[in-house]
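S.K.: Full structure from sequences and hints, please.
Going down the list, the protein sequences come from chains R and C. Our numbering applies: residue 1 is where the first sequence begins, and numbers increase by one. Our numbering applies: residue 1 is where the second sequence begins, and numbers increase by one.
Honestly, the hints are just simulated from the structure, not real lab data. Model, not experiment: these values are computed from the prediction. Heads up, the beta-carbon is just placed ideally off N, CA and C, and yes, glycines get one too. Wrong hints could be hidden among the right ones.
Lysine-lysine pairs mimicking DSS-like chemistry, simulated, CA-CA at most 30 Å apart [to be verified]:
1. Lys364(R) / Lys244(R)
2. Lys293(R) / Lys220(C)
3. Lys78(C) / Lys364(R)
4. Lys246(C) / Lys249(R)
5. Lys155(R) / Lys182(R)
6. Lys78(C) / Lys310(R)
7. Lys414(R) / Lys154(C)
8. Lys414(R) / Lys404(R)
Far from chain R by the CB rule (all over 12 Å, computed), these chain C residues [as the list claims (entries may be wrong)]:
9. Lys78
10. Tyr166
11. Gly188
12. Asp191
13. Asp299
14. Lys306
15. Ala312
DEER-style ranges, computed between Cβ atoms [to be verified]:
16. Pro138(C) / Ser197(R): 54 to 64 Å
17. Pro138(C) / Tyr366(R): 31 to 41 Å
18. Asp96(C) / Ser397(R): 11 to 21 Å
19. Ala306(R) / Gly295(C): 54 to 64 Å
Okay, here's what each chain looks like letter by letter:
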Amino acid sequence: MTSPIVARAYPRKHFFVEMFTRDISLVDCILDLVDNAIDGLIRSQKIDLGASLLSQNDNQPPSSAIPSIISITYSDKEFTIEDNCGGLGLNEAETEAFNFGHSQDYHQEIENHQLGVYGVGLKRAIFKIGRHFKMVSRTLNDGFETMVDLDEWVKMDKKLEDWTFPLRELSSANKSSQAGTKITIKGLRGEVRTAISDPTFESRLNKSIAQTYALFLKRHVRIRLGDHDIEPTPIPFGASDEVKPSRAKLTEDGVTVLLVASITSLTANSQWTQNQAGWYVACNGRLIVTADKTELTGWGTGALPAFHSKYRGFVGLALFQSNDPLKLPWKTTKRGLNEESVVYQRARNQMNATARPIISFLNKMYPKDPVPESWARQIASDVAQVDVRMLAQKPDSTFSVNPKKKRQARTSVKIQFDADRADIEKIKKHIRRPDLSAGQVGKYVLDEYMKSEGLS
Amino acid sequence: MIDLTESYLAVQYSLRPAKQVERRMLVDALCLLAEIGFPVRDYQYTGMGSIHFVDFAMFHKFLGIKSMLSVELSNTIKNRVQFNAPYKNAVNVVTDKSIGDVIPDLPRTQPNLLWLDYDNVLSDYMLRDLSLAASLLPAGSLLLVTVDTEPPGKLDGNRKHTQHNYDAAYARQYYEQVAGDYVKPNRGDIDFGYNDLPRINIRAVSGAIRAGDYGRSDAKFHPLFNFQYADGHRMVTFGGMIATHKDIRRIRKSGLGTAVYTRFGYESDPCRICIPCLTRKEQMYLDEHMPKKEGWRPDAFELSEKEVEEYANIYRFFPAYAELFL
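M.R.: Dropping the structure here:
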């Protein structure tokens with residue numbers, strides 16, 4: 001009896017270390033490490049994100065009193081992320097945390113909403129950043145340490161047993177404020193050294209963390225970058241006595257989707273800024289899409305028009321939540337959406353419906369014949385920024401505008417059109433009024449027409 | 001978004017025979033749907049009643065529909081629209097919103113009958129309304145759209161674009177602009193002939209509907225109607241049900257498929273409503289011989305086979321007009 005012929009389908013370390021890291025940016029890798037720390041917090045404190053993310057808590061302690069801190073520091077020599085968010089247990093380190101991808105059983109055991117999904121973020125981030133890493137983690141029960149020279153690790157790739165990292169058992173943390181993880185990465189890759197030497201890198205990382213974790217910051221965790229705390233950047237929803245935002249909720253296959261949309265509050269100089277406008281999408285509280293104005297969130301497809309600058313007052317959030325993070329529509333990089341996800345397709349239909357009345361309102365603000373300071377503009381200027389948590393607590397509603405103040409209806413309309421310069425000059429000469437501007441000539445001609453036809 | 005279109009001034013609505021045949025066919029279809037268990041009487045009808053409300057009166061009288069919403073965005077004849085609304089306890093009238101703006105607020109727990117009865121040539125906002133409706137209406141709902149398929153837009157010098165000065169390149173440009181992805185790419189001007197316009201419109205509206213129901217797992221749009229008619233302007237009405245698999249099985253088993261006016265495919269040949277020009281006496285003679293037997297032609301006067309066939313298809317739905325002195 002001959003043995004069956006088989007084709008090898010082995011994983012290769014070289015692929016994971018050198019190629020798998022090309023599909024994700026350095027900033028997104030750092031966010032993956034932050035996700036790991038926040039998941040430690042969710043595990044150790046048994047936080048129910050489903051209930052707590054959008055709850056309004058008037059007794060919220062001041063930011064400085066929140067004990068859980070994630071600190072990120074870097075130089076051209078090393079990158080460090082350290083937290084006191086509960087740590088990773090020895091057993092999980094031995095059996096799950098360093099695998100490339102989670103087993104099916106692992107997903108069935110998850111009880112709370114969390115940010116870790118695919119089981120690749122931690123390793124990919126380390127491989128992306130440098131060639132040597134040390135990870136020390138302590139929980140209240142046990143602890144471990146691992147140190148790896150990746151160049152040496154890659155060389156050993158003959159059998160499945162080579163796919164391990166050496167662990168050393170450590171004592172447990174004495175108290176919960178000391179339970180946490182520290183990852184130090186040295187031998188930074190050339191591209192990473194170049195990226196972090198860019199003077200804008202820190203502000204981009206700061207901005208990205210401030211937006212991505214806006215629902216966690218100042219509530220569950222503090223994130224420090226270098227020597228300062230990162231302040232959350234809330235999504236700029238606007239509301240007023242006259243403007244009621246849209247809110248809708250739907251459930252599909254174990255995923256709850258909350259949709260909130262409104263117009264944004266105006267900036268200090270009474271403007272809407274286009275870079276804040278669009279749809280925001282979050283999974284279990286973590287932002288994965290920011291201010292999107294593309295077909296990804298329905299603009300220019302089916303029920304929504306293509307984004308136009310007149311819609312720069314629109315802002316919406318789609319928040320997907322589930323105990324099983326695999327059911328959420330995020331990609332492995334957590335930047336962007338899996339558009340084919342059934343739950344996202346269903347939600348997008350409702351997103352279009354939620355956006356529709358706001359688009360109609362913004363269309364009224366910019367009619368074909370512009371009226372200076374139309375009633376819609378006045379209403380928009382009275383809108384003040386509100387917290388998404390406040391909107392989330394309201395019952396389902398459709399965006400509506402109910403003017404309470406009596407506003408004088410305008411009876412005039414502004415006219416603008418192209419006229420031949422020579423014609424304007426001819427008219428000025430004809431009526432012997434060389435002092436008139438082109439606009440005044442237009443007005444004069446209209447007045448004369450009204451008079452001559454007996455219409456005025 | 002445009003104001004209430006002005007065909008209400010140009011046309012005495014109840015006297016548009018082809019449109020009236022279409023309405024009667026729809027009523028007939030809705031009766032058949034009610035017979036196989038669809039609770040048509042409890043549907044909410046949302047339409048564009050103008051100042052005539054003909055469809056509202058028919059759906060209330062013949063089908064018993066008692067929850068009705070007429071949406072006609074108007075700045076100029078709000079009071080006139082309100083004044084003419086029949087059955088005040090059954091018909092609500094909205095004049096400060098376009099029909100697309102009310103779609104998100106239509107009932108989600110009971111089926112709807114929504115008729116986007118535009119009397120303009122196709123525009124991008126109509127397609128967005130359709131997508132939105134196809135994505136939101138609950139299973140069992142009926143969705144209909146009517147558009148004018150005369151040549152679109154105005155030519156250079158503000159000349160009206162008609163069959164007689166038809167410009168295929170201009171029409172192609174227009175439809176590619178308003179219907180974009182729904183009009184198949186790489187088509188030449190030759191595919192945008194005057195006679196192609198109804199088909200192009202059907203392709204655009206069905207594309208918008210499919211884009212809308214794309215993300216749905218509970219139900220999909222199932223075509224039922226594809227009418228073409230002309231009481232002056234050439235119009236098309238395309239429609240169907242947001243149907244579950246069970247709904248589709250029920251419809252296929254019913255007599256709806258054998259009705260002369262139903263069309264179950266996106267690409268089906270349309271039901272062309274042609275109104276033969278007949279005297280009252282001729283009509284009475286023809287009615288005596290209906291339903292006609294295969295190959296029957298009148299002996300008493302000359303009428304082509306085609307004309308007899310056209311009449312046989314619509315005689316049940318043909319309105320009778322007479323002058324009354326009240």
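S.K.: Confirm or reject each hint.
M.R.: Hints and how they fare:
{"no.": "1", "hint": "Lys364(R) / Lys244(R)", "in the structure": "holds, 17 Å"}
{"no.": "2", "hint": "Lys293(R) / Lys220(C)", "in the structure": "holds, 27 Å"}
{"no.": "3", "hint": "Lys78(C) / Lys364(R)", "in the structure": "holds, 18 Å"}
{"no.": "4", "hint": "Lys246(C) / Lys249(R)", "in the structure": "holds, 27 Å"}
{"no.": "5", "hint": "Lys155(R) / Lys182(R)", "in the structure": "holds, 26 Å"}
{"no.": "6", "hint": "Lys78(C) / Lys310(R)", "in the structure": "holds, 28 Å"}
{"no.": "7", "hint": "Lys414(R) / Lys154(C)", "in the structure": "holds, 25 Å"}
{"no.": "8", "hint": "Lys414(R) / Lys404(R)", "in the structure": "holds, 26 Å"}
{"no.": "9", "hint": "Lys78", "in the structure": "holds, 14 Å"}
{"no.": "10", "hint": "Tyr166", "in the structure": "holds, 28 Å"}
{"no.": "11", "hint": "Gly188", "in the structure": "holds, 25 Å"}
{"no.": "12", "hint": "Asp191", "in the structure": "holds, 24 Å"}
{"no.": "13", "hint": "Asp299", "in the structure": "holds, 56 Å"}
{"no.": "14", "hint": "Lys306", "in the structure": "holds, 40 Å"}
{"no.": "15", "hint": "Ala312", "in the structure": "holds, 40 Å"}
{"no.": "16", "hint": "Pro138(C) / Ser197(R): 54 to 64 Å", "in the structure": "holds, 57 Å"}
{"no.": "17", "hint": "Pro138(C) / Tyr366(R): 31 to 41 Å", "in the structure": "holds, 34 Å"}
{"no.": "18", "hint": "Asp96(C) / Ser397(R): 11 to 21 Å", "in the structure": "holds, 18 Å"}
{"no.": "19", "hint": "Ala306(R) / Gly295(C): 54 to 64 Å", "in the structure": "holds, 56 Å"}
Every hint, counting from the list given before, is met by this structure.
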